[in-house]
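**Student:** Modelling step: build the complete structure from the supplied sequences, incorporating the hints.
2 protein chains.
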Amino acid sequence: MSQAYAQLEKKFKRILVLGDAAAILQWDMASMMPKGGAASRAEQMATLATLRHSMMTTPEMADLLNEAQAKGGLNDWQDANLHEMQRTHTHATALDESLVEAISRATSSCEQLWREARPEGNFKKIAPHLKEVLNLTRQAAAAKSDKLKCSLYDALLDQYEPDGKSEKIGPIFDRLEAFLPDFLQTVLEQQKDHTFLKPEGPFPIEQQKQLGKRFMDAVGFDFNHGRLDVSLHPFCGGTPDDVRLTTRYDENDFTSALMGVMHETGHALYERGLPLQWRNQPVGSARGMSLHESQSLLLEMQVCRSSAFLEFATPHISEIFDKTGPAWSIKNFTALYREVKPGFIRVDADEVTYPAHVILRYKLERALIQGEMEVEDIPAAWNESMQRMLGITPASDREGCLQDIHWYDGAWGYFPTYTLGAMTAAQIYEAAKQATPDIETQISKGNFAPLMLWLQENIHSAGSHLSSADLMIKATGQPLDPEIFITHLKNRYLENI
Amino acid sequence: MSQAYAQLEKKFKRILVLGDAAAILQWDMASMMPKGGAASRAEQMATLATLRHSMMTTPEMADLLNEAQAKGGLNDWQDANLHEMQRTHTHATALDESLVEAISRATSSCEQLWREARPEGNFKKIAPHLKEVLNLTRQAAAAKSDKLKCSLYDALLDQYEPDGKSEKIGPIFDRLEAFLPDFLQTVLEQQKDHTFLKPEGPFPIEQQKQLGKRFMDAVGFDFNHGRLDVSLHPFCGGTPDDVRLTTRYDENDFTSALMGVMHETGHALYERGLPLQWRNQPVGSARGMSLHESQSLLLEMQVCRSSAFLEFATPHISEIFDKTGPAWSIKNFTALYREVKPGFIRVDADEVTYPAHVILRYKLERALIQGEMEVEDIPAAWNESMQRMLGITPASDREGCLQDIHWYDGAWGYFPTYTLGAMTAAQIYEAAKQATPDIETQISKGNFAPLMLWLQENIHSAGSHLSSADLMIKATGQPLDPEIFITHLKNRYLENI
Numbered sequence: 001m002s003q004a005y006a007q008l009e010k011k012f013k014r015i016l017v018l019g020d021a022a023a024i025l026q027w028d029m030a031s032m033m034p035k036g037g038a039a040s041r042a043e044q045m046a047t048l049a050t051l052r053h054s055m056m057t058t059p060e061m062a063d064l065l066n067e068a069q070a071k072g073g074l075n076d077w078q079d080a081n082l083h084e085m086q087r088t089h090t091h092a093t094a095l096d097e098s099l100v101e102a103i104s105r106a107t108s109s110c111e112q113l114w115r116e117a118r119p120e121g122n123f124k125k126i127a128p129h130l131k132e133v134l135n136l137t138r139q140a141a142a143a144k145s146d147k148l149k150c151s152l153y154d155a156l157l158d159q160y161e162p163d164g165k166s167e168k169i170g171p172i173f174d175r176l177e178a179f180l181p182d183f184l185q186t187v188l189e190q191q192k193d194h195t196f197l198k199p200e201g202p203f204p205i206e207q208q209k210q211l212g213k214r215f216m217d218a219v220g221f222d223f224n225h226g227r228l229d230v231s232l233h234p235f236c237g238g239t240p241d242d243v244r245l246t247t248r249y250d251e252n253d254f255t256s257a258l259m260g261v262m263h264e265t266g267h268a269l270y271e272r273g274l275p276l277q278w279r280n281q282p283v284g285s286a287r288g289m290s291l292h293e294s295q296s297l298l299l300e301m302q303v304c305r306s307s308a309f310l311e312f313a314t315p316h317i318s319e320i321f322d323k324t325g326p327a328w329s330i331k332n333f334t335a336l337y338r339e340v341k342p343g344f345i346r347v348d349a350d351e352v353t354y355p356a357h358v359i360l361r362y363k364l365e366r367a368l369i370q371g372e373m374e375v376e377d378i379p380a381a382w383n384e385s386m387q388r389m390l391g392i393t394p395a396s397d398r399e400g401c402l403q404d405i406h407w408y409d410g411a412w413g414y415f416p417t418y419t420l421g422a423m424t425a426a427q428i429y430e431a432a433k434q435a436t437p438d439i440e441t442q443i444s445k446g447n448f449a450p451l452m453l454w455l456q457e458n459i460h461s462a463g464s465h466l467s468s469a470d471l472m473i474k475a476t477g478q479p480l481d482p483e484i485f486i487t488h489l490k491n492r493y494l495e496n497i
Numbered sequence: 001m002s003q004a005y006a007q008l009e010k011k012f013k014r015i016l017v018l019g020d021a022a023a024i025l026q027w028d029m030a031s032m033m034p035k036g037g038a039a040s041r042a043e044q045m046a047t048l049a050t051l052r053h054s055m056m057t058t059p060e061m062a063d064l065l066n067e068a069q070a071k072g073g074l075n076d077w078q079d080a081n082l083h084e085m086q087r088t089h090t091h092a093t094a095l096d097e098s099l100v101e102a103i104s105r106a107t108s109s110c111e112q113l114w115r116e117a118r119p120e121g122n123f124k125k126i127a128p129h130l131k132e133v134l135n136l137t138r139q140a141a142a143a144k145s146d147k148l149k150c151s152l153y154d155a156l157l158d159q160y161e162p163d164g165k166s167e168k169i170g171p172i173f174d175r176l177e178a179f180l181p182d183f184l185q186t187v188l189e190q191q192k193d194h195t196f197l198k199p200e201g202p203f204p205i206e207q208q209k210q211l212g213k214r215f216m217d218a219v220g221f222d223f224n225h226g227r228l229d230v231s232l233h234p235f236c237g238g239t240p241d242d243v244r245l246t247t248r249y250d251e252n253d254f255t256s257a258l259m260g261v262m263h264e265t266g267h268a269l270y271e272r273g274l275p276l277q278w279r280n281q282p283v284g285s286a287r288g289m290s291l292h293e294s295q296s297l298l299l300e301m302q303v304c305r306s307s308a309f310l311e312f313a314t315p316h317i318s319e320i321f322d323k324t325g326p327a328w329s330i331k332n333f334t335a336l337y338r339e340v341k342p343g344f345i346r347v348d349a350d351e352v353t354y355p356a357h358v359i360l361r362y363k364l365e366r367a368l369i370q371g372e373m374e375v376e377d378i379p380a381a382w383n384e385s386m387q388r389m390l391g392i393t394p395a396s397d398r399e400g401c402l403q404d405i406h407w408y409d410g411a412w413g414y415f416p417t418y419t420l421g422a423m424t425a426a427q428i429y430e431a432a433k434q435a436t437p438d439i440e441t442q443i444s445k446g447n448f449a450p451l452m453l454w455l456q457e458n459i460h461s462a463g464s465h466l467s468s469a470d471l472m473i474k475a476t477g478q479p480l481d482p483e484i485f486i487t488h489l490k491n492r493y494l495e496n497i
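Sequence lines, in order, name chains A and B.
Letter 351 of the first sequence, counting from 1, is numbered 351 in our numbering, and no numbers are missing.
Letter 399 of the second sequence, counting from 1, is numbered 399 in our numbering, and no numbers are missing.
These are computed hints drawn from the structure, not numbers from a lab.
A few of these clues could be false.
If chains are identical, the list can't say which one is meant, so a pair holds when it fits in one copy or spans any two.
In silico lysine to any residue, SDA-like type, Cα no more than 20 Å apart, as pairs [as the list claims (entries may be wrong)]:
1. K13 / Q86
2. K341 / P394
3. K149 / A367
4. K490 / Y160
5. K192 / D250
6. K13 / R52
Predicted model, so just to flag it, every value in this text is computed and none were measured.
**Tutor:** And the structure:
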């Protein structure tokens with residue numbers, strides 16, 4: 001190991017530790033901070049971000065990276081670490097300061113105006129600002145694509161999904177897009193005569209919290225290394241040794257907070273399971289957004305909506321709310337958690353219709369970034385796509401292209417990771433069940449250890465040692481295959497197949 | 001204004017903003033963080049501290065300070081700001097890195113061992129470690145006294161009480177020490193036949209919290225810029241725009257948490273009232289620990305134990321706990337909150353006996369730092385002093401020289417600020433009442449605005465513009481005078497004078 005590499009480890013540790021500090025402050029901002037603290041907190045966050053950026057972009061850092069690369073002599077993990085350092089460095093140095101600042105100004109004013117335009121359903125009002133954001137984002141994409149030797153869109157995708165490529169995603173999404181409309185029709189047809197009972201509240205927040213914590217505990221969340229709190233937009237933040245989850249409660253409906261908590265717990269267990277000996281090194285960090293999302297969806301969608309889980313969970317739910325009756329049966333919860341219903345809003349979508357929302361956004365954002373489409377064309381393209389895939393057309397852009405913050409806030413290239421995550425989850429869960437056949441029997445008894453051990457060993461502890469693609473092959477024996485997700489949907493949603 | 005000065009403002013702002021971030025993380029550590037987060041938080045705190053220190057001690061910083069000084073052309077506040085910058089810089093650069101590290105190592109291991117030695121009452125066990133801490137602290141004092149041109153002890157005092165001097169404190173404490181024994185005897189004699197009723201609990205935490213918040217609100221604490229939470233050791237932290245108070249509750253006794261909350265609220269109102277236009281500049285920061293403590297004690301001791309306050313507060317206390325009867329009268333609360341009783345433990349001491357605890361520590365720590373006494377002599381000297389001033393001798397060092405963390409943790413020179421703060425509080429409150437004669441009438445009606453406006457205008461908004469001594473003269477018309485505190489004690493604790 002060269003001296004240059006050793007110095008890089010020190011420098012990156014410092015940068016990542018400051019990132020940890022920022023993550024706790026971010027959590028505090030969303031869950032604890034009084035409103036009047038916003039301005040001083042913004043100063044703190046900006047100062048930390050600037051510091052980290054300037055520590056990353058010193059000439060010395062570039063020299064050390066080159067020297068470490070030239071000297072070599074690294075073991076497998078160190079080598080992967082150096083590769084991740086270089087990747088981070090490339091992204092940080094690709095944009096000159098004036099572009100970074102212009103993007104920050106444009107997204108912040110666009111996002112602010114979006115908060116007005118959305119409730120009004122007024123796309124025209126926001127369109128010029130979105131154009132400006134898109135224009136600057138394309139400049140950033142061009143600068144990054146130059147360094148990464150890839151397309152404009154893939155340069156943006158790479159920020160969230162390292163080594164992600166449109167040419168891989170395209171065929172996968174095409175397959176899903178071809179499958180979904182007919183499948184959806186069949187499911188809707190079958191579910192037409194279904195009825196389920198909505199459990200009647202109110203469900204006091206204290207009891208909902210107790211229920212969430214009981215299930216978090218059951219799946220292996222360690223409250224000595226994390227907390228559960230409340231925020232407007234639920235998230236999983238903090239650091240691997242101090243994971244901060246949030247949720248929000250609705251006293252009339254416990255089901256969504258409960259699944260939300262399990263979703264964030266999936267993220268949390270991934271973070272907790274990252275390799276301890278590589279803490280605060282790039283290779284010890286989570287692999288990318290698809291894999292992160294796969295861990296939350298594996299828990300929320302694959303596990304917690306399975307018959308095995310509902311068999312374990314139903315008596316606990318009844319007990320904590322002290323309710324019984326037909327609405328409180330495994331059968332009813334199963335029907336309730338498997339209802340499929342095309343809707344306009346992505347974040348409210350069920351497992352079957354969700355991919356349609358993502359594919360729509362992916363195709364539009366890719367066309368916009370690649371210069372094959374203009375901002376003005378978004379509403380019509382959006383509505384056409386919704387009609388084609390889900391058979392519904394939003395009455396207003398409020399329920400259409402204005403619903404998500406991502407584009408207005410500059411997060412282009414993020415959307416595909418949601419559905420890649422869902423497919424990855426299905427494939428990983430399938431591999432885990434094949435490796436340890438009694439996983440579901442154990443889950444039905446409340447024993448999540450066999451599943452969690454498998455995930456820890458095969459996914460979490462890998463950190464960023466392998467690319468997502470290589471990790472999939474190592475853990476599941478094959479590259480990401482949409483057929484596994486499709487089979488999962490068929491098994492769960494089609495009767496008598 | 002020179003360019004050098006403008007650059008200094010930028011650099012100091014950055015350092016102080018990072019200090020704000022650290023303050024929020026510190027609060028989180030004490031009130032929210034799960035235990036398992038300790039190691040990663042320690043990394044974050046150390047990284048932030050190192051960064052701030054290295055930003056402060058660059059050669060460029062020294063050059064800019066010299067240049068700004070030479071160029072001049074500053075207004076009054078800028079000039080004071082530059083003076084505070086220089087003071088901070090002097091403290092930061094006085095010690096070489098190896099000494100800083102040695103002190104950090106020695107205090108951290110001494111403090112750890114102290115946690116064992118204290119419950120055992122085993123001073124012998126800790127003495128060699130304390131010797132090491134003292135030895136290193138004296139080296140630090142020597143380095144700083146060289147730069148500050150003052151005695152060893154004053155160099156340490158200056159860290160907490162800028163421009164504080166033993167030659168000023170000595171006569172003041174001598175006067176108090178001469179006064180206290182006889183006065184205490186008289187008060188004890190008079191209180192001999194007093195009886196008061198202890199309000200009977202339990203007092204649910206939710207109600208105690210409600211009560212604390214009601215009084216915080218009444219005195220002007222703005223919950224849009226702060227919070228009240230729980231921690232093992234209550235404190236006031238956070239930033240001026242996001243003040244984080246903590247307390248701890250005892251379900252059998254609401255009185256101590258209530259006064260604790262008001263104490264921390266006094267600190268908080270000072271922080272909130274610091275000059276907005278000088279946020280994150282040294283001159284916009286709190287003046288020193290005596291003045292900070294004066295603001296907490298002004299609220300807790302001068303105001304909240306006054307007849308005026310108890311007249312306002314008693315009905316609220318009765319109402320919130322839903323209790324009535326003789327224990328819940330103004331008369332009984334007055335007797336209860338004015339009980340004087342010599343005891344061994346400083347933090348449990350009443351207003352009359354508290355100064356004895358501080359004077360004892362001040363004299364011992366000064367002698368130890370100046371090399372006039374050895375660590376081995378502490379227990380005997382401690383006990384002799386307790387007997388002479390309060391007429392009691394601790395049975396074990398657990399209740400004697402092992403009770404406080406300060407010396408074991410390296411905080412030498414801090415103790416005098418407690419009693420300087422109490423005297424400062426008495427003098428400031430007296431001045432406020434003379435300037436606005438109906439302050440107490442208004443307080444008895446629950447209107448704290450006249451007092452708070454006076455404090456804001458005369459104390460809080462001054463930041464670090466003047467020295468503590470000059471601020472006292474400006475705000476109260478004279479230097480700190482122990483007679484005002486003595487008169488306050490006589491008025492409150494002697495009957496029929």
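**Student:** At 20 Å max between alpha carbons, let me know whether K13 reaches Q86 within a copy, between copies, both or neither.
**Tutor:** within (14 Å within a copy, 32 Å between copies)
**Student:** How do K192 and D250 come out at 20 Å by Cα distance, when the copy is not named: within, between, both, or neither?
**Tutor:** neither (28 Å within a copy, 59 Å between copies)
**Student:** With identical chains, the pair K149 and A367 could be close in the same copy or across copies; at 20 Å between alpha carbons, which is it: within, between, both, or neither?
**Tutor:** Close inside one copy (19 Å), not across copies (71 Å); limit 20 Å.
**Student:** When no copy is named, should K13 and R52 be tagged within, between, both, or neither for a Cα gap of at most 20 Å?
**Tutor:** Result: close both inside a copy and across copies, 11 Å intra and 17 Å inter.
**Student:** Classify it for me, K341 with P394: is the Cα-Cα distance of at most 20 Å met within a copy, between copies, both or neither?
**Tutor:** within (15 Å within a copy, 75 Å between copies)
**Student:** Could you figure out if K490 and Y160 sit no more than 20 Å apart (CA to CA) within one copy, between two copies, both or neither?
**Tutor:** neither (30 Å within a copy, 70 Å between copies)
Hints 4 and 5 from the list above are not met by this structure, while the remaining hints are.
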